[in-house]
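For the sequence shown, position 116 (counting from the first letter as 1) is numbered 118 according to this note's numbering, and the numbering increases by one without interruption.
In case anyone wonders, no lab produced these hints; they're calculated from the structure. We put the beta carbon where it would ideally sit given N, CA and C, even for glycine. Please note that a few of the clues may not be correct.
Claimed, not checked - Estimated spans, in silico, between C-beta atoms of each pair:
hint: 1; residue 1: Pro432; residue 2: Leu150; range: 56 to 64 angstroms
hint: 2; residue 1: Arg273; residue 2: Pro432; range: 13 to 21 angstroms
hint: 3; residue 1: Pro432; residue 2: Gly466; range: 47 to 55 angstroms
hint: 4; residue 1: Ala85; residue 2: Ala314; range: 54 to 62 angstroms
hint: 5; residue 1: Glu253; residue 2: Met426; range: 29 to 37 angstroms
hint: 6; residue 1: Glu253; residue 2: Val216; range: 55 to 63 angstroms
hint: 7; residue 1: Leu150; residue 2: Ala85; range: 26 to 34 angstroms
hint: 8; residue 1: Glu246; residue 2: Leu429; range: 20 to 28 angstroms
hint: 9; residue 1: Leu150; residue 2: Gln243; range: 50 to 58 angstroms
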Amino acid sequence: MAALGPWLWPGVTGAAAAALLLLPLLWRRRAGGAGRVCVAVLGDVGRSPRMQYHALALARHGREVSLLGYLQSRPHRDVLRSAHIRLVPVAELRGLRVGPKLFQYVLKVLVQSVQLLYTLLRIDQPSYILLQNPPGLPSIAVAWVAGLFWRSKLIIDWHNYGYTIMSLSHGRNHPLVQIAKWYEKLFGRLSDYNLCVTDAMKEDLWMNCNIKAVTLYDRPASYFKETPLDLRHRLYMKLAQDYEPFRARAEPVDPSAERSAFTERGGRDGRVLESRGRPALLISSTSWTEDEDFSVLLKALEDYERFIDEGAKLPALVCVITGKGPLKDYYNGLIQKLHFKHIQICTPWLEAEDYPLLLGSADLGVCLHKSSSGLDLPMKVVDMFGCCLPVCAIYFECLHELVKHNENGLIFRDSSELAEQLKMLFLEFPTLEGKLHSFRQNLRASQELRWDESWDQTVLPLLGHKE
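Full structure from sequences and hints, please.
Laid out in structure tokens, this is it:
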């Protein structure tokens, strides 16, 4: 592994150079930082809910928080409104396409190292740096250097392993993947504390990396809950302005009434009712990356359409797939080639406040996340369960830590099995009998901790009292 060291020197030397340039300026600043925390992610803050939850939990306990990352998507309004949270933008690097790919990669790591360290050394002095991994290259090493400078403690929140994500596109034996693996194991040990998302990852970190971690399961925030019918109707009407599947198939008889594809508000009494013969609302969310194969869902929907054509008493479906990501255009192209009579698909990007409302309005969630490491759990399912929304999820190794087959949802392995599950769950919809209803009742009855309670029990003791 010693031979791999030179590959990482650009990032390390870049970080050191930036530190030396900033020393004269920053040593003039008065030392401080009691209770301050820097929550950092080398990614889009608006699409990093767990790190936003960390920031909100810290703010709730009176900590001053610098929330550092890319500001591409709007963070949740609670983050924006908090007097204790300051957003610190990091510019995303684009257009470094000079020379061979290897040179581009080294150059990107070098520039990111200098850029990130410069930003970390410009914020108010923190007592702790709480860093998301992945991405960890170069952020773990840079955060460690910044921690030395500020005399602050480094906490790594392990969501997954970066090298396993890289292996999806490069293969496990690619030199860059091997370098990233070595880097994560080496620099991960330099942290003061470690959090992780599953017990399986906690065990793997200890057995393979000699890193002690505390499991902090993803938990739904308090605003993930079932959506009242009146609020559902308002959401449907809002979405109907931009998305055809939410629009009513016919105008209401009463011109003063208001109708969506799922609900109708009476013009006289203003009462909201679910429409007769309404479609079922199926929802999935994704970052449109290689670890989610949406062709599985599309093939299952083709089978579902065939079931209806063959006479099965199944409802029409509205399938909503939310999110942004690199493969969205590819899958939208596949969707446009489908010609369904009974199924409509739309792929919106929702406002942060509308996403939990839509989850709380849906009939069934579908998760196609396959962990690249087999050690992390899909946060989207956590959010769905917070809304008492049953889920069909594709199998991977530690999924049982979250989805209990035939209790709060179903686990499938391929498109055919998913299609049969959709058929079974939606038969005679919307009857209050059957598994879909019992799954929802089980979720309502469960007494799972919410994020705030879980965070207070797990993370707060690591931070101790304000220093």
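Hints and how they fare:
{"no.": "1", "hint": "Pro432 <-> Leu150: 56 to 64 angstroms", "result": "holds (59 angstroms)"}
{"no.": "2", "hint": "Arg273 <-> Pro432: 13 to 21 angstroms", "result": "holds (19 angstroms)"}
{"no.": "3", "hint": "Pro432 <-> Gly466: 47 to 55 angstroms", "result": "holds (51 angstroms)"}
{"no.": "4", "hint": "Ala85 <-> Ala314: 54 to 62 angstroms", "result": "holds (55 angstroms)"}
{"no.": "5", "hint": "Glu253 <-> Met426: 29 to 37 angstroms", "result": "holds (35 angstroms)"}
{"no.": "6", "hint": "Glu253 <-> Val216: 55 to 63 angstroms", "result": "holds (57 angstroms)"}
{"no.": "7", "hint": "Leu150 <-> Ala85: 26 to 34 angstroms", "result": "holds (30 angstroms)"}
{"no.": "8", "hint": "Glu246 <-> Leu429: 20 to 28 angstroms", "result": "holds (26 angstroms)"}
{"no.": "9", "hint": "Leu150 <-> Gln243: 50 to 58 angstroms", "result": "holds (52 angstroms)"}
When the structure is compared with the earlier hints, no violation turns up for any of them.
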